[in-house]
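Chain residues, written in single-letter form:
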Amino acid sequence: MMTIVFSLFLLTMLVIVAVAILRTDNLFTAVMLSGIFSLIMAANFFILDAADVALTEAVIGAGISTVLFLSALALTAEHDRSPPVGTWVPLLTSSALGGVIIFATFQAPRLGDPNAIVHQHVAPWYLEKTPELIDVPNVVTAVLASFRGYDTLGEVFVVFIACIGVMSLLGRVRPRRESIEEDEFDKRTDNLRHHLIPRVVGKMLVPFIVLFGLYVQFHGDFGPGGGFQAGALIAAGVILYSLVEGGPRGRELVPEWFSSMLVALGAFTYASVGVASMAMGGRFLDYSVLSHDPIHGQHMGILIIEAGVGMTVAGVMITIFHAFSRRGIR
Amino acid sequence: MELLGLYNYFVFAVLLMIGLYCILARTNIIKSLIGLTIFQSAVFLLYISMDKIDGGTAPIIQEGVENQVFANPLPQVLILTAIVVGISTTALALAVTVRIKEAYGTIEEDKIQEMDREL
Chain A
33 MMTIVFSLFL LTMLVIVAVA ILRTDNLFTA VMLSGIFSLI MAANFFILDA ADVALTEAVI
93 GAGISTVLFL SALALTAEHD RSPPVGTWVP LLTSSALGGV IIFATFQAPR LGDPNAIVHQ
153 HVAPWYLEKT PELIDVPNVV TAVLASFRGY DTLGEVFVVF IACIGVMSLL GRVRPRRESI
213 EEDEFDKRTD NLRHHLIPRV VGKMLVPFIV LFGLYVQFHG DFGPGGGFQA GALIAAGVIL
273 YSLVEGGPRG RELVPEWFSS MLVALGAFTY ASVGVASMAM GGRFLDYSVL SHDPIHGQHM
333 GILIIEAGVG MTVAGVMITI FHAFSRRGIR
Chain B
10 MELLGLYNYF VFAVLLMIGL YCILARTNII KSLIGLTIFQ SAVFLLYISM DKIDGGTAPI
70 IQEGVENQVF ANPLPQVLIL TAIVVGISTT ALALAVTVRI KEAYGTIEED KIQEMDREL
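Protein chains in written order, with the numbering used here: chain A, 33 to 362; chain B, 10 to 128.
The hints are simulated quantities; they were obtained by calculation from the structure and are not laboratory data. Remember, predicted model here, so these are calculated numbers, not experimental data. Certain hints may be false.
Stated by the list, open to error - Ranges between beta-carbon positions, derived for each pair:
#1 Val-78/B x Arg-231/A: 24 to 34 Å
#2 Gly-234/A x Asp-119/B: 38 to 48 Å
#3 Ala-112/B x Leu-102/A: 36 to 46 Å
#4 Asp-183/A x Val-78/B: 23 to 33 Å
#5 Val-154/A x Arg-108/B: 35 to 45 Å
#6 Arg-315/A x Asp-119/B: 32 to 42 Å
To be verified - To give an idea of the chain A side of the interface with chain B (calculated C-beta under 8 Å), a few residues:
#7 Leu-46
#8 Ile-48
#9 Leu-71
#10 Met-73
#11 Phe-101
#12 Leu-102
#13 Thr-125
#14 Gln-139
#15 Gln-152
#16 Trp-157
#17 Val-198
#18 Arg-281
#19 Glu-284
#20 Leu-285
#21 Glu-288
Stated by the list, open to error - Residues from chain A that face chain B, not an exhaustive set, calculated with beta carbons under 10 Å:
#22 Phe-38
#23 Val-85
#24 Ser-103
#25 Asp-112
#26 Leu-165
#27 Gly-186
#28 Val-188
#29 Ala-308
#30 Met-310
Beta carbons: idealized from backbone N, C-alpha and C, even for Gly.
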């Protein structure tokens, strides 16, 4: 009963925050509200028994997405100057869409119905066969990394290509020694070095965030977590350091050649596991042949590809952030 | 009680409406992109709502606990990766927006169209 009340409260909050985002003219407010929106959404996912998704949404939606939007705002405009006219057509279109969907939901199975069609086909098979074929406690990791490894490989390459797109749009200047004096250096970059509390607290948090990221990476088979969450967490730690100390010092911590190399190396690691399993007589991304014992092979395959996913995601997030922050100093 | 079980879907529909309205009615590109992320989140909410089973728990198998009911892992896998892909594509869109600002000096769609017409 408590869960239902809490769930209703969170869902209502979601709608309120979304309306507030729509109404505000200040883009800074809108971006901050969208961070809150993502955090409430993460809490909602947690109530709906999706621990892995909640972790991902909290790191990416509330954390990295907000930072990226703010970096884009710093380079564009702070106010939304949309004219107030011509709102009839969008209003009509969106209400028509909403009306049709609400009408359709009356046919949908109610929340938590165990006889709903989604729970009848392949999902019970995954839950039943995971202990026997893969033997990792977290079924989400098993499905993500092994049963549906092709999908995940595709997703990793989509992220990889998006990163290449951002790099080619915002430019990646050849790394050169930045020989500017300390004072000039601080003046030219927006950072929090002169604010004592964010600087001390922020820097203290960075190692713990990265440590937690590594825990999530290697504990992903047993609890909520995995490469996607871990990569984003580690990137969040590096981004926090860059925000506190300024972009140039962040680029000293993780140089751009290193982060862009991580992007390629991660995707390469993932694909080469597939090729290796083909070379050892199995199918593409069939980890069972990697070791003499099929289950041991599965464990090994999942560990390696999760490491690849983590490297790519961390690299992509750091590279994109650097691309935006470097654009600012020019 | 019957309607309470559909509340998640209603919120999905309302968020979808808000997101679509934000994309269509606002000419500011960044505001439209925020609308797009709301639209996207609404779809995520729909998928995750479908995975819930009454009395269930997160799909992590524990040793020595019998007769557990688990939530459906499949929608979770799909949405987990979709969130990461979503942020990458949003970043790409933001990069395009930054280039538009540099080329036109504004990120309002109507002003950009006027400038294009003058050419």
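Hints, verified against the model:
Here the CB-CB span from Val-78/B to Arg-231/A is close to 48 Å, at odds with the stated 24 to 34 Å. The supplied range of 38 to 48 Å is met by Gly-234/A and Asp-119/B, whose beta-carbon atoms lie about 40 Å from each other. Separation of Ala-112/B from Leu-102/A is about 22 Å and departs from the stated range, judged on CB atoms against 36 to 46 Å. Between Asp-183/A and Val-78/B the Cβ separation comes to about 26 Å, which falls inside the hinted range of 23 to 33 Å.
Between Val-154/A and Arg-108/B the beta carbons are some 43 Å apart, a value that agrees with the proposed interval 35 to 45 Å. A hinted range of 32 to 42 Å is violated for the C-beta pair Arg-315/A and Asp-119/B, which are about 54 Å apart. The beta carbon of Leu-46/A comes within 6 Å of a beta carbon in chain B, closer than 8 Å, and the hint placing it at the interface holds. Annotation: interface hint on Ile-48/A violated; nearest CB of chain B at approximately 11 Å, more than 8 Å.
A distance limit of 8 Å between C-beta atoms decides the matter here; for Leu-71/A the minimum to chain B is near 11 Å, and the interface restraint is violated. A least Cβ separation of about 5 Å between Met-73/A and chain B falls short of the 8 Å threshold, and the interface hint therefore holds. Given the 8 Å rule on beta carbons, the hint for Phe-101/A holds: about 7 Å separates it from the nearest Cβ of chain B. Evaluation of the Leu-102/A hint against chain B yields a violated restraint, the C-beta minimum of about 10 Å exceeding 8 Å.
Satisfaction of the interface hint for Thr-125/A is found here, the shortest Cβ-Cβ separation to chain B being roughly 6 Å, below the 8 Å cut-off. This hint is violated: Gln-139/A has a C-beta 10 Å from the nearest C-beta of chain B, more than the 8 Å allowed. The closest approach between the C-beta of Gln-152/A and any C-beta of chain B is roughly 10 Å, which is over the 8 Å cut-off, so the hint fails. Nearest Cβ of chain B to the Cβ of Trp-157/A: about 10 Å, over the 8 Å cut. The hint is violated.
Given hint, Val-198/A at the interface with chain B, holds; its Cβ is 5 Å from that chain's nearest Cβ, closer than 8 Å. This hint is violated: Arg-281/A has a C-beta 22 Å from the nearest C-beta of chain B, more than the 8 Å allowed. The beta carbon of Glu-284/A comes no nearer than 23 Å to any beta carbon in chain B, farther than 8 Å, and the hint placing it at the interface is violated. The restraint placing Leu-285/A at the interface with chain B is violated, with a minimum CB-CB distance near 21 Å, outside the 8 Å limit.
At a threshold of 8 Å, the smallest CB-CB gap from Glu-288/A to chain B is about 15 Å, leaving the interface hint violated. Hint status for Phe-38/A relative to chain B: violated, with the closest Cβ pair at about 12 Å, above 10 Å. At its closest, the beta carbon of Val-85/A sits 5 Å from a beta carbon of chain B; the interface hint therefore holds under the 10 Å criterion. Residue-level restraint check for Ser-103/A holds (minimum Cβ-Cβ distance to chain B is 8 Å; threshold 10 Å).
The restraint placing Asp-112/A at the interface with chain B holds, with a minimum CB-CB distance near 4 Å, inside the 10 Å limit. For Leu-165/A, the interface hint is violated, the least distance from its beta-carbon to any beta-carbon of chain B being 13 Å, above 10 Å. Using the Cβ-Cβ criterion of 10 Å, the hint placing Gly-186/A at the interface with chain B is satisfied: the shortest such distance is roughly 9 Å. For Val-188/A, the shortest C-beta to C-beta distance to chain B is roughly 9 Å, which falls under 10 Å, so the interface hint holds.
A hinted interface residue such as Ala-308/A counts as satisfied when its beta carbon comes closer than 10 Å to some beta carbon of chain B; here the least separation is about 23 Å, so the hint is violated. Checking Met-310/A against chain B: minimum C-beta separation of about 23 Å lies over 10 Å; hint violated.
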